[in-house]
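Start from the sequences, fold in the hints, and give me the full structure.
Number of protein chains: 4
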Amino acid sequence: MLVVMSCDATEPQVERVCDVIRAMGFRPNAMPGANRTAIGITGNPGPVDPGPIEMLPGVAQCIRVTQPHKLVGREFRTESSSIRVGRAVFGPGHFPIIAGPCAVENEAMIMTVAHFLKEHGVPLMRAGAYKPRTSPYSFQGLGVEGLDILAKARAVTGVGIVTEVMDVESADRIEEVADMLQVGARNMQNFALLRRVGRARKPVLLKRGIAATVEEWLMAAEYILNEGNDQVVLCERGIRSFADQTRNTLDLSVVPVVQRLSHLPIIVDPSHGTGRRDYVPPMAAAALAAGANGLMVEIHPDPNHALSDGAQSMTLGGFDELLAKLRQLATACGLKSDSLS
Amino acid sequence: MLVVMSCDATEPQVERVCDVIRAMGFRPNAMPGANRTAIGITGNPGPVDPGPIEMLPGVAQCIRVTQPHKLVGREFRTESSSIRVGRAVFGPGHFPIIAGPCAVENEAMIMTVAHFLKEHGVPLMRAGAYKPRTSPYSFQGLGVEGLDILAKARAVTGVGIVTEVMDVESADRIEEVADMLQVGARNMQNFALLRRVGRARKPVLLKRGIAATVEEWLMAAEYILNEGNDQVVLCERGIRSFADQTRNTLDLSVVPVVQRLSHLPIIVDPSHGTGRRDYVPPMAAAALAAGANGLMVEIHPDPNHALSDGAQSMTLGGFDELLAKLRQLATACGLKSDSLS
Amino acid sequence: MLVVMSCDATEPQVERVCDVIRAMGFRPNAMPGANRTAIGITGNPGPVDPGPIEMLPGVAQCIRVTQPHKLVGREFRTESSSIRVGRAVFGPGHFPIIAGPCAVENEAMIMTVAHFLKEHGVPLMRAGAYKPRTSPYSFQGLGVEGLDILAKARAVTGVGIVTEVMDVESADRIEEVADMLQVGARNMQNFALLRRVGRARKPVLLKRGIAATVEEWLMAAEYILNEGNDQVVLCERGIRSFADQTRNTLDLSVVPVVQRLSHLPIIVDPSHGTGRRDYVPPMAAAALAAGANGLMVEIHPDPNHALSDGAQSMTLGGFDELLAKLRQLATACGLKSDSLS
Amino acid sequence: MLVVMSCDATEPQVERVCDVIRAMGFRPNAMPGANRTAIGITGNPGPVDPGPIEMLPGVAQCIRVTQPHKLVGREFRTESSSIRVGRAVFGPGHFPIIAGPCAVENEAMIMTVAHFLKEHGVPLMRAGAYKPRTSPYSFQGLGVEGLDILAKARAVTGVGIVTEVMDVESADRIEEVADMLQVGARNMQNFALLRRVGRARKPVLLKRGIAATVEEWLMAAEYILNEGNDQVVLCERGIRSFADQTRNTLDLSVVPVVQRLSHLPIIVDPSHGTGRRDYVPPMAAAALAAGANGLMVEIHPDPNHALSDGAQSMTLGGFDELLAKLRQLATACGLKSDSLS
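Chains as they are written, first to last, in this note's numbering: chain A, 1 to 341; chain B, 342 to 682; chain C, 683 to 1023; chain D, 1024 to 1364.
A couple of the hints might just be wrong.
[To be verified] Stretch by stretch, here's where chain C covers chain A in the computed footprint (C-beta under 8 Å, at least three residues):
1. 243–256
2. 285–296
[To be verified] The following residues of chain B were derived to be distant from chain A, with all beta-carbon distances above 12 Å:
3. T383
4. E460
5. H461
By construction, these hints were calculated from the structure, which means they are not laboratory data. A virtual CB, placed ideally from N, CA and C, is assigned to each residue, including glycine.
Quick look at the structure:
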């Protein structure tokens, strides 16, 4: 940490800050400048809490220097991680796709989608048995019945299942069925849940909170790794900004940012990111070109009658066209022809 | 809902939208205009899902008209609610204060604060036994031991306890000790938790999520009321914006907004809202002047050695001065002299 | 416009709103519903000012229906516009690149860049003779001397010039030299300047304001078209959000949004959008894949000694690699091989 | 500035950064730590441009330490400035009010308002002769005719005039008539205009840009002071955030922030800040309680027929009530009884 003193800070004030730093067990390094003095702190094994220093007389600002994350950082692990889920790999050289409806609505629809994915070489299906909804009066998912349907779809088609865990109570049941546990944007800082999936034996898909900085997001992943599960894939799904023509603001530049700071793979969800199915294909292509490690897309056999998120769900036909376009693009981006599987 | 057609929408496109509306069981009211046609939907008992309509050919926009909330709205209950917690009342004509440290650090400190509050006529103490922290390596609270300390402070001084519930697991124990259950900003859309406190026999303090719109916030309260608990107090604690000179951006104008839309009381937390103790007094005064129904403030006997949030905690002496100022202001605002108790 | 009445609005209140609408010369269409009445307004040639209605007793909300823009909208002109600047074309099937330094620093450097662009088939050079700077103490550009250098570079190499107009005073001189007049983000709502470039005989590059909604941006373009100049290209360059790991948040999804609402071409500036040169290549590729109509990139022969924006300027070598990658991608996106020229 | 190296930065990389710093004429102070090295820069008279350093190999981050502003800062001038406009004083111990309509609509209305203000002891009237409007088709103000009306109102009643300068062209004429020149939010970084009012002999009211950080705002004021005019009053008028229930998000906590950093007075405009007249009284009271140095409020004799901003304009009767409430509050806040004049 760097402590910046005001221009008019007195010598005794500087000395007192140094004393407090020493009392914390660290080493102060005063640097007198033309206008003011700055004091660097060294000897600290991790981030220093600015609390005891920030409000001392003469202190203008405390600037944090050390990154707070450990296990998720590039500095802990230089090489990019590759996370295997079923036959899909999230990591360098791959761009697997997770597709499916917002929610499990009934068995027929899930089987239709699962067969479609199998035929089109898409390795993973998304579909929520438990749904977080802003309103208590909206459809909340089929629960256990939905899980049974997903288990059957998996057994029949071999397509892997990605589904959301909303609370610790239902985690055991979901862990039995799912190939990948999704933690949703609203739960990104539900620390009890993060600890629970950190003890799971299944990979975790951690969505970015709607107002989460990259650091907060990486620290949420840190909770999971810290419990022993290092099979974590991050998912950008749009942030909240003033921009009002899309449901959220898809922050694609977070792809190279995360890849610079962390060894974990990052994928993109343009369906929640934009909220309209006609914006999904351009943003899916953009995610691939930006170097994302995969894609999550909402599709539905009959979006106009979907129980939730209909406007952002692609038709199966539209998704088929998108797949063709992405395969073409993947080659131009230097990926292998089977990189989407 | 209002469906706005594009300027170049054809007559058959308008007709198809009307058919879909009828198929949903509602009544379409086409209004042909100079440039375009708009179709009002009536006959719906609650909000209409735009999903099936939004992406039909010729549709430019769907505009929601009906408010999604029911139980929390002024239209459900015209009169402002008054929520009693111990001897404090949150509601018109009152401005009770909740004060205390961020976390229970040890018994001596909690007893010091509790006695101080009792002597100064402050009815409620805040202090977390369980703490949500961005980093898994930060102090996470004393847990059960912290609850025991709070119970003792309450027994000895009579000051009521407001403390945070972070997950369903620990809710039973906390409900035994606390006079008011706090749901933190990060958990505002933890729906399992909202349902649990909705079944509690204690009043709930629901903090606004850092990026929550007023509607999302009121819908979170709706989850609680819908389970049978209508003793809910809302708490504004700052939102996330681009502004970088304060920890969060305290959105004080939400006070009259919430009071217009809902019958629930709303209080303000300027400590989290600003993140610096020297900004707390002006913002506390502003909250009172803006008509808030109470205040939550972080105080600490020795902020420079606090285990968390030291920079935003007031000293006991500073808080004493603030109380005197607020009492003066309360009279000028037409409140009674004991309205802060 | 749609006027939504509160649930408890009385019949006389509804009648009064209808009277006010009639007094404005329009036609009210009351639609009584299960819970409340909504009143549609028809007979209005353009947007209705909600002012006289919004605060009438019993009115809950006024919802605008008519789009405020005219000349820039798809409804005015269905076909996408193609804007020619020198030998470059901004429009469907093309992806021309504008590259160059932030500012004209000296003649040698500008000639180096201009020759480099000519050799690499890049049609347009950017470089500011006048620079808007947050601080009055920062380098403000060479002014007229900078314009002379740009004129010479153009004469020698044939590369077209894109440069910023900051005020009406210097517009005449700049219009003589530039092939395209840039209006910067800070001036997006400088209406005197918009009117001035609306009377120019040169195409205009209109950057999005850092906090501008799509509608405000299109209305700024409307000012230019309304003065008679319909040669306008829009440029997304990042918006302000809470996200703090990039200089701005590049809002790529605005590309399909603008293309749906307007016939004007839209290009992307990933240099200002991200603020770091290593994030520019992934975001440039993403812009192309998202369907943008062109690109603006900052490059510098010696970025570490640039007088401004050094961190986000690519080296000539790095830009060369990016060009090769974009050409490959362009083909996969269905563009012709010379589409970047 | 502080240069933070990555954990794996090599000794030669550290050395190279030090060399670059020396080449810039400054002194590097390397501080080797447990995990990484940080390098403090001293010997610089003002802010250091991170450009040449930020992208060097091994550099993780550059952190700015020195504040970029000079003349507007507390460190330049410790004592709070008091700015006199007519008989009003903006500064400690005062809370003058500027009230009036959005725009000069006609002479009768301006005279009505001016007489009302005189009778109620309000020292300054706001009213725009030139209006910045998002749409080119909205009412743009009466221009010169409007200025003549303002001059007459001033001559007859003695109430001072605050009116907006939108461009350099009309500045001379406005300077003749106005007692205070207003620079609007959209023009906060119109640097030509800032320089022009910096050469004016009249005080300037500088509104905060809708997405301006405090630092950008203070630097805009710095442009004005740097030209020789130190009679600058700042005005908070709401920022853009995701919050959608008010027109803007009034950032009241900026009042103590600005007062800590700068000696310039700061006032608040709750009319633009909220966008609804019923939210103006609570926010006006909050601004006073928060310690603001004055208030700007929109009022109109007949808001329902205002040509602009009707919904946020108070009636004269409503404003009268607000004045009474504010006078009561002012006393409780320790101001003198005539502090609003």
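Going down the list of hints, with the structure as the test:
Beta-carbon proximity to chain C at under 8 Å applies to 12 residues in the segment 243–256 of chain A; the threshold of 3 is reached and the given coverage holds. Here the segment 285–296 of chain A counts 7 residues with a CB under 8 Å from a CB of chain C, which clears the bar of 3, and the coverage holds. Once the 12 Å rule is applied to beta carbons, T383 of chain B is consistent with being away from chain A; the minimum gap is 19 Å. No Cβ of chain A comes within 12 Å of the Cβ of E460 of chain B; the nearest lies about 25 Å off, and the non-interface call holds.
Interface exclusion of H461 of chain B from chain A stands, the closest Cβ pair being 22 Å apart, more than 12 Å.
Against the hints set out earlier in the document, no violation occurs for any number.
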